[in-house]
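For this one, chain A is given, so just place chain B on it according to the hints.
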Amino acid sequence: MIECPNCKHREFVGTLFCSECGTRLIHVTPVPTMSISREELTEEARATRPSPPTGPELSSGAIIGLRVIPTGEVLSLIGRENFTLGRSSEGQAVVPDIDLNRYDAYDYGISRMHAELRIGDDTIQVVDLDSSNGTIVNGKRLDPLKPEPLRHGDILQLGRLRLQIISRQKSHPR
Amino acid sequence: MPPGKDYYAILGVPRNATPEQLRRAFREAALRLHPDKNIAPGETELFLEVSKAYETLIDPDSRAAYDAELAALEADLAASSPFKCEILHSREALLRLDEPQVHYLILDIHGSEDLPEVRPPINLSIVIDRSTSMKGQRLDQVRSAVLTILRDLQPEDTASIVAFSDKAEVVVSSTQAKDLATARARLSLLQAGGGTEIAQGLSLGLEELHRSFAKEGVSHLVLLTDGRTYGDEDLCLQLAEQAMQSGITINCVGIGSDWSDRFLDDISSRTGGRVIFLNSPKAVTDLLHRIYEELSKVVVNRVRLDGSMGQQVDLRTAFKLHPEPMPLGDSFPMALGNLPKNSSIRVLLEMVVHPIIGQDEVVLTHLAVEGTLVAQKGDVHSLPLDITRTLTSEPDTKPPPEEIASALNLLALHRLQEKARHEAELGQVAQAARRLESLATQLLAAGEKDLAKAALNEAVQLAQSRRLSTEGEKTLKYGTRALLLLPPRRET
Chain A
0 MIECPNCKHR EFVGTLFCSE CGTRLIHVTP VPTMSISREE LTEEARATRP SPPTGPELSS
60 GAIIGLRVIP TGEVLSLIGR ENFTLGRSSE GQAVVPDIDL NRYDAYDYGI SRMHAELRIG
120 DDTIQVVDLD SSNGTIVNGK RLDPLKPEPL RHGDILQLGR LRLQIISRQK SHPR
Chain B
0 MPPGKDYYAI LGVPRNATPE QLRRAFREAA LRLHPDKNIA PGETELFLEV SKAYETLIDP
60 DSRAAYDAEL AALEADLAAS SPFKCEILHS REALLRLDEP QVHYLILDIH GSEDLPEVRP
120 PINLSIVIDR STSMKGQRLD QVRSAVLTIL RDLQPEDTAS IVAFSDKAEV VVSSTQAKDL
180 ATARARLSLL QAGGGTEIAQ GLSLGLEELH RSFAKEGVSH LVLLTDGRTY GDEDLCLQLA
240 EQAMQSGITI NCVGIGSDWS DRFLDDISSR TGGRVIFLNS PKAVTDLLHR IYEELSKVVV
300 NRVRLDGSMG QQVDLRTAFK LHPEPMPLGD SFPMALGNLP KNSSIRVLLE MVVHPIIGQD
360 EVVLTHLAVE GTLVAQKGDV HSLPLDITRT LTSEPDTKPP PEEIASALNL LALHRLQEKA
420 RHEAELGQVA QAARRLESLA TQLLAAGEKD LAKAALNEAV QLAQSRRLST EGEKTLKYGT
480 RALLLLPPRR ET
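Chains A and B are the protein sequences, given in the same order.
According to numbering that gives the first Met the number 0, the first sequence is numbered sequentially starting from 0.
According to numbering that gives the first Met the number 0, the second sequence is numbered sequentially starting from 0.
Next up, chain A with everything else stripped away, as it sits in the complex (with noise of 0.2 Å):
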């Protein structure tokens, strides 16, 4: 492999422009094969894992919101038990507690009520309301209308919209 100078993406041999950024890549030569040790990986994925997030506060203590992978946007979690997702459309009487229309929810797959979060005490579950497209959590599809247990980080995919679970436990006051 070779690495652009300007952005360093890696390209195949021979490659003479960057695909990231459009640099020319002459006179750049093939950089050997790193071998990384897995402590180094460890190490990396701990520095790169997600922050605590900061936002509102439930009354449990607990600090919950949900990422919107493709916009990196986190919508709150607040004030109720229980969040339905879903799209709003024209003339529909029940509309979801979070609207993901702004996303692009229709070109995602997204049915109008597609799925539930339940916060309790110290659990956040999801169920599942028999979408056309289902719902996916950490890569497992879920069965309709059994919940299934959130944690912090996991990734949540209603149709083909990525969610990601954001938790902490408020720390108690010393």
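You may find that some hints are simply not true.
[Said to hold, decoys possible] In silico lysine-lysine, DSSO-like type, Cα no more than 30 Å apart, as pairs:
no. : chain 1 : residue 1 : chain 2 : residue 2
1   : A       : Lys7      : B       : Lys448
2   : B       : Lys281    : B       : Lys296
3   : B       : Lys418    : A       : Lys7
4   : B       : Lys397    : A       : Lys7
5   : A       : Lys7      : B       : Lys476
[To be verified] Here are some chain A residues the structure puts well away from chain B; computed CB gaps all over 12 Å:
no. : residue
6   : Ser75
7   : Asn81
8   : Gly90
9   : Asp98
10  : Gly108
11  : Arg111
12  : Gln124
13  : Asn137
14  : Gly138
15  : Glu147
16  : Pro148
17  : His151
[Unchecked claim] Cβ pair distances, simulated, as ranges:
no. : chain 1 : residue 1 : chain 2 : residue 2 : range
18  : B       : Asp178    : A       : Asn100    : 54 to 60 Å
19  : A       : Pro148    : B       : Pro398    : 56 to 62 Å
20  : A       : Asn100    : B       : Ser405    : 43 to 49 Å
21  : B       : Glu232    : A       : Gly71     : 29 to 35 Å
22  : B       : Glu168    : A       : Asn100    : 36 to 42 Å
23  : B       : Glu232    : A       : Glu89     : 22 to 28 Å
24  : B       : Glu232    : A       : Ser87     : 27 to 33 Å
25  : A       : Gln124    : B       : Asp305    : 53 to 59 Å
26  : B       : Asp395    : A       : Asp98     : 57 to 63 Å
27  : B       : Glu232    : A       : Ser131    : 19 to 25 Å
28  : A       : Asp98     : B       : Pro394    : 56 to 62 Å
29  : B       : Pro394    : A       : Ser87     : 57 to 63 Å
30  : B       : Leu425    : A       : Arg79     : 27 to 33 Å
Hints listed in this document are in silico derivations from the structure and should not be mistaken for laboratory results.
Don't be surprised by glycine CBs; every beta carbon is placed ideally from N, CA and C.
Only chain B this time, still in chain A's reference frame:
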């Protein structure tokens, strides 16, 4: 070589097929053609040919002898071919590596010097979108543009005008087109109204072309539209495929910014035609004249690139650079359209070569350029191209040919634009805006002030509305694509 004699083609396998591939191809053909079950006349002969081909190729000795014979035949064919092809490589030799590497080729296809120059009769169909959105200036400009084309029509040419909305009708038939007064009267009846169903228009336009189809002529369809078609996309692509089979090229002209560029690209590239973005309908007269002019200069039509990549080689992209820049898809055969006289068709191929063990040479690709000479009533000619490279251990310090470097430089800009658009569509707004800013800087460096400005405007637009404007999207796409047409700097 008579077309029926290529054993590899008979079995439908690449030139470097493994014995396993040969066996599979033979088994498949035998199942289909075995004399015990066949009914159609001529199939027994075909089966005998297939058996002969298989027997010759499966034995290493007879295969080597046959390969030598084939090479000699192809050399003869190349020498007598009415067109020639020059090949430029990004590197003189490939590296002996245990990882994949990239290699680029430019094929420059042009007519041989003694090619007869005959103006081909033109068979043209102009298909006009008359949906509600075309009302007013757009339809007026199109109407007057079409009239000037009919006025300039040569006696040997034929033309027809088709209009479509939810359904299609022939506005000016090829007989009416010869009588200017009738044509004018018929065109004045053309009114805007209704939806956009492109398949309706394409289908009737192609039907009109088939009515006055001549093998020694050039048949072409121009589609003028300003909107999107819904639900009949697959049918449109099938029609484009049929058009390609009968040697009809389709140019799509998108007026305004609400048409689907990817879809029109898909239609045109299947036929070897191109897509033109018209920001304002005023330019339509000039454009139609340019297309008509180009058609009158065609010396070889139905140019196609067919063949297969080598065993260890994958085709990554194919892009036509000349006479008009157009992406070509990644599967053979590729329709290259028409070759104009005193000009060339240039194609850039980008390929990934996987590690090669125990060989000093790598077969990159076996290609054949095919085309029909317009002066010779539909004679199909073929120019075989076997492209190989040697392998070395020493890195090549020689810079790549300037023509390849400059084409790739511009292609890199075009790709940045595509990436930014893709990211914007995924909602990665910040990333897309950064890319557009970097594109603007590079466009400025290339002296393209207007395009650089358009890129910056889109970066601002993204920040405000989280999407690109449909107009900006097309300006950047077709603007950066048009850059690829820059006259190649010839090495002397």
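Cβ separation check - Ser75 (chain A) to all of chain B, threshold 12 Å:
Consistent with the label, Ser75 (chain A) stays out of reach of chain B, its closest Cβ about 19 Å off (over 12 Å).
Using the beta carbons of Leu425 (chain B) and Arg79 (chain A), state whether their distance is inside 27 to 33 Å or not.
With a Cβ separation near 30 Å, Leu425 (chain B) and Arg79 (chain A) satisfy 27 to 33 Å, so the hint holds.
Taking 27 to 33 Å as the hint, is the beta-carbon distance of Glu232 (chain B) and Ser87 (chain A) inside that range?
For Ser87 (chain A) against Glu232 (chain B), whose Cβ atoms are near 29 Å apart, the range 27 to 33 Å holds.
Would the non-interface assignment of Gly138 (chain A) survive a Cβ cutoff of 12 Å against chain B?
holds (20 Å)
Using the beta carbons of Glu168 (chain B) and Asn100 (chain A), state whether their distance is inside 36 to 42 Å or not.
holds (41 Å)
Pro148 (chain A) remote from chain B - nearest C-beta pair above 12 Å:
Non-interface label on Pro148 (chain A) holds, nearest chain B Cβ at 28 Å vs cutoff 12 Å.
Is the gap between the beta carbons of Asp395 (chain B) and Asp98 (chain A) within 57 to 63 Å?
The hinted range 57 to 63 Å holds for Asp395 (chain B) and Asp98 (chain A), with Cβ atoms some 58 Å apart.
Straight-line Cα separation of Lys281 (chain B) and Lys296 (chain B) no greater than 30 Å?
Holds, because 25 Å separates the two Cα atoms, which is no more than 30 Å.
Range agreement (Cβ of Ser87 (chain A) with Cβ of Pro394 (chain B), hint 57 to 63 Å):
Given a distance of about 60 Å, which is inside 57 to 63 Å, the answer is holds.
Closest CB of chain B to the CB of Asn137 (chain A) still more than 12 Å away:
holds (21 Å)
Supplied distance hint 53 to 59 Å, evaluated on CB atoms of Gln124 (chain A) and Asp305 (chain B)
Hint holds: Cβ distance 58 Å, inside 53 to 59 Å.
Verify the proposed pairing of Lys7 (chain A) with Lys448 (chain B), using a straight-line Cα cut of 30 Å.
Since the Cα atoms of Lys7 (chain A) and Lys448 (chain B) sit roughly 28 Å apart, the hinted pair holds (cutoff 30 Å).
Taken one by one, the earlier hints all hold for this structure without exception.
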